[in-house]
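**Q** The residues making up each chain are set out below.
Protein chains: 2
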Amino acid sequence: MIELNFDKAGGLVPAITQDYTTGEILMLAYMNQEAFDATLASGKATYYSRSRQTLWIKGETSGNVQRVKEIRVDCDNDTVLIKVDQLGGAACHTGHRSCFYKKIETGSIRVIGEPWFDPAEVYNK
Amino acid sequence: MIELNFDKAGGLVPAITQDYTTGEILMLAYMNQEAFDATLASGKATYYSRSRQTLWIKGETSGNVQRVKEIRVDCDNDTVLIKVDQLGGAACHTGHRSCFYKKIETGSIRVIGEPWFDPAEVYNK
Chain A
1 MIELNFDKAG
11 GLVPAITQDY
21 TTGEILMLAY
31 MNQEAFDATL
41 ASGKATYYSR
51 SRQTLWIKGE
61 TSGNVQRVKE
71 IRVDCDNDTV
81 LIKVDQLGGA
91 ACHTGHRSCF
101 YKKIETGSIR
111 VIGEPWFDPA
121 EVYNK
Chain B
1 MIELNFDKAG
11 GLVPAITQDY
21 TTGEILMLAY
31 MNQEAFDATL
41 ASGKATYYSR
51 SRQTLWIKGE
61 TSGNVQRVKE
71 IRVDCDNDTV
81 LIKVDQLGGA
91 ACHTGHRSCF
101 YKKIETGSIR
111 VIGEPWFDPA
121 EVYNK
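Protein sequence lines correspond, in order, to chains A and B. Counting from 1, one number per residue, gives the positions in the first sequence under our numbering. Counting from 1, one number per residue, gives the positions in the second sequence under our numbering.
Since no wrong hints were added, every one of them can be taken at face value.
Identical chains share a label here; the pair holds if one copy fits it or two copies do between them.
In silico DSSO-like cross-links for lysine-lysine, where the CA-CA straight-line distance does not exceed 30 Å:
#1 K69 with K44
#2 K44 with K8
#3 K44 with K103
#4 K102 with K8
The set of hints was computed from the structure by calculation and includes no laboratory data.
Taking the hints into account, I'd like the entire structure generated from these sequences.
**A** Given below as structure tokens:
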């Protein structure tokens, strides 16, 4: 039985999502127990949306589903690391491959790379 | 000026720490504004300890300092990714290189790898 510690963050654990081949960090989101169980059962990364307060199967709108290849748990069971196959090439709702497309350079922020898709075409259909 | 959004998690943002050469995820911790500023100013990863409620310069006890090589910010400015050179070879207080040394396998948890150091020798001196 897998017992995560959801108590430290109000019923949630942060979930780091990493490309299972390149090691690139794609995004960070949150899971509650239900989202974690759904991820294990379905093999598709499923998060809890704090803004919408509901389960969120990643890619259900955009088609950019994340197939789970491996799940790691940290030392004190309050964070998970999800290694995935990112379908559609991009994880971020902005169209970028990774949500971490902004790099800090001597106090300013520079955008790294170009979006893979146009969010206006993928969402708001 | 770098404006992170600390409002979503009570004055904190999660900080993912990644080995800058291998891409391995070493740990996840939290930063408040002061910890983030200290990280930028010192070049050493500095977190906010939720349990001790104080700034925490990683490695100040163990010697396993993290030299910051690059900082990324995510799309909505509420998570940071810190790419580091991990001194001493191990980030986790258990002695493992990474805090994510437990792998979920068909519903159970398996420990991956051996500790690099013995915590009893490094801490509690």
